[in-house]
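Asks: Keeping the supplied structure of chain A fixed, place chain B upon it in accordance with the hints.
Number of protein chains: 2
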Amino acid sequence: MKEEVHVFAPATVANVACGFDILGFALEQPGDEIIMRRTRQCGVVIRKIFGDNGKLSCEAGLNVAGIAASHFLNNVQPGYGVEIELQKGMPIGSGLGSSAASATASLFAANILFDKPLNIMALLPLAMECEKAVCGTAHADNVGPALLGGFTLIRSYEPLDVVAIKTPDDLLCTVIHPHIEVSTEDARKILRKQIALKDAITQWGNVAGLIAGLMKSDYELIGRSLRDVIAEPVRSLLIPRFKEIQTAVLACGALGCSISGSGPSIFALTNDQNIAEEVGRIAQGEFQSAGLRSEVFISGINQNGPVLIEEE
Amino acid sequence: MKEEVHVFAPATVANVACGFDILGFALEQPGDEIIMRRTRQCGVVIRKIFGDNGKLSCEAGLNVAGIAASHFLNNVQPGYGVEIELQKGMPIGSGLGSSAASATASLFAANILFDKPLNIMALLPLAMECEKAVCGTAHADNVGPALLGGFTLIRSYEPLDVVAIKTPDDLLCTVIHPHIEVSTEDARKILRKQIALKDAITQWGNVAGLIAGLMKSDYELIGRSLRDVIAEPVRSLLIPRFKEIQTAVLACGALGCSISGSGPSIFALTNDQNIAEEVGRIAQGEFQSAGLRSEVFISGINQNGPVLIEEE
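Sequences listed follow chains A and B, in order. Mapping to UniProt numbering: the first sequence position 281 is 281, numbers consecutive. Mapping to UniProt numbering: the second sequence position 77 is 77, numbers consecutive.
These are computed hints drawn from the structure, not numbers from a lab. Since the model is a prediction, treat every value here as computed from it, not as a measurement. Think of the CB as a built atom: it goes at the ideal place given N, C-alpha and C, for glycine as much as any other residue. Incorrect hints may have been included.
Stated by the list, open to error - Residues from chain A shown here face chain B by an in silico Cβ test under 8 Å; the list is partial: (1) G81; (2) L197; (3) I211.
Stated by the list, open to error - To list a few chain B residues with every Cβ distance to chain A over 10 Å, as calculated: (4) G93; (5) A138; (6) A212; (7) L292.
The shape of chain A in the complex, shown without the other chains (with noise of 0.2 Å):
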């Protein structure tokens, strides 16, 4: 049995336009990182947290890292202890799935230090229990691709049916994060309950015609397809120059763009670098002339979710 484990679990960006809570998909970077050691005591201490300007709580019943390892030796391996050092590597708060890497980092982490008592899938409603821990709901559309990899469609909850959707092998994402924030729970709060029909079958079609791009690798479809009809248009009004920067992003180049999970962060999917990079250059640019600060991370997707970093 291993004494310690560093692992890595990724940033994910869930919805994807026209899949509001039903797709997602996992970034090779950037993302957390968990060195996890048992201990002597049963229970979980968190020893340090690195890159979360203090944010965190140390106290692991009130960090998700620490509720994730928990879940996981009450439910695998009672009477046994661990301890954690936590490296955030990815903005709180920036709809890139936070909750999610830690809990899957924690989770994969505990996983090899106990010898793999489960696989990969059979982690999956432990994290989904530490999405309800922290969100309120046991979502599935950041933990499903932070732990299995790739673009990942949750068909349906109960029961629950998670679905590899193949992609691309030059898919590259572009992520611009600004300095604001934008809680979950009024991104949640401001959607409209019923919805018109007419604007239901316009999702659903875009929502088929992205699975077949991605699975067909026609690139041209993709961008058709990247449309979201329902989310966007209300949430897009808490993220100041949202409209501007998707204008200017689908000018130069870029196969579509919308909100990263419920915001504020914004993806851009393309097939090349440069317009990559244009996309960062030109959301940068937009944030700063309405005074905001922001961070762009361009990653291809990650095929992998999480992976050992190094063994003791």
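Replies: Same frame as chain A, now just chain B:
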């Protein structure tokens, strides 16, 4: 130039459970046949109609095969004339795309008769105009698959975006047509114009699952995805014994079972000939116990669309 052509165009199943207004597929049988001949006089004459039990008009402007031929001549070959013999091989008003089959056969025949001035995709807008003339809306979920064959996604109407979806080779469809009438207009009127976001999410999760399942040849995923929470719960009220038939058909091993188009026909998909036949027996028995006669069609997915039967 040919003087006479004889063509076949297939029946189609639109909506396909979760794909309301965006999906359809073509059947190998039944379908309509048309013999079309050039005439010296310009314009369109319908010479004979067989197999319609006297239901259809021989007035070219009142019959969709005549309307289609007129559209073709007006748009592509002005000053020319044709005469038509129409063999209806499928029930009218059954939810199997009867008007789409006749329009498709007529356009396909005229295009061959005049040495293919248009490609198949260019016939689609003309076929949609025919649907508008006879049904009130220029929908493409029957004429799309009737013309292109296979499983067809209508991602968008403005602009028109039609995507062929690969299907597994051994998919079989059983269609059961009960002898009752459901008008497309009534079936459309009873749908609510506003739907719950929750239900819309369920539906687009299933649409995404169905597309992925078809493209992966994953029969279980196809089966899990063939659910309609939007149109079927309302429209099935117009079809006696629908729920009993659906329950029994799924219990006997069909992948999925729902309403074909706006009904009253019911379709089920399977990859097993024995189950396809048993589905027909079950449904016919249920309809019979409700005092209704019905016909059963068992067919593979038609990958060709309309075909030339013989040349002069």
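Asks: Look at each hint and say if it fits the structure.
Replies: Here's how the hints hold up against the structure:
1. G81: Violated, because the Cβ-Cβ distance from G81 of chain A to chain B comes to roughly 39 Å (cut-off 8 Å).
2. L197: 5 Å, holds
3. I211: Given a least distance of 4 Å, the restraint on I211 of chain A holds.
4. G93: Holds: least Cβ distance 23 Å, greater than 10 Å.
5. A138: 15 Å, holds
6. A212: 5 Å, violated
7. L292: Non-interface label stands for L292 of chain B: nearest chain A Cβ at 30 Å, farther than 10 Å.
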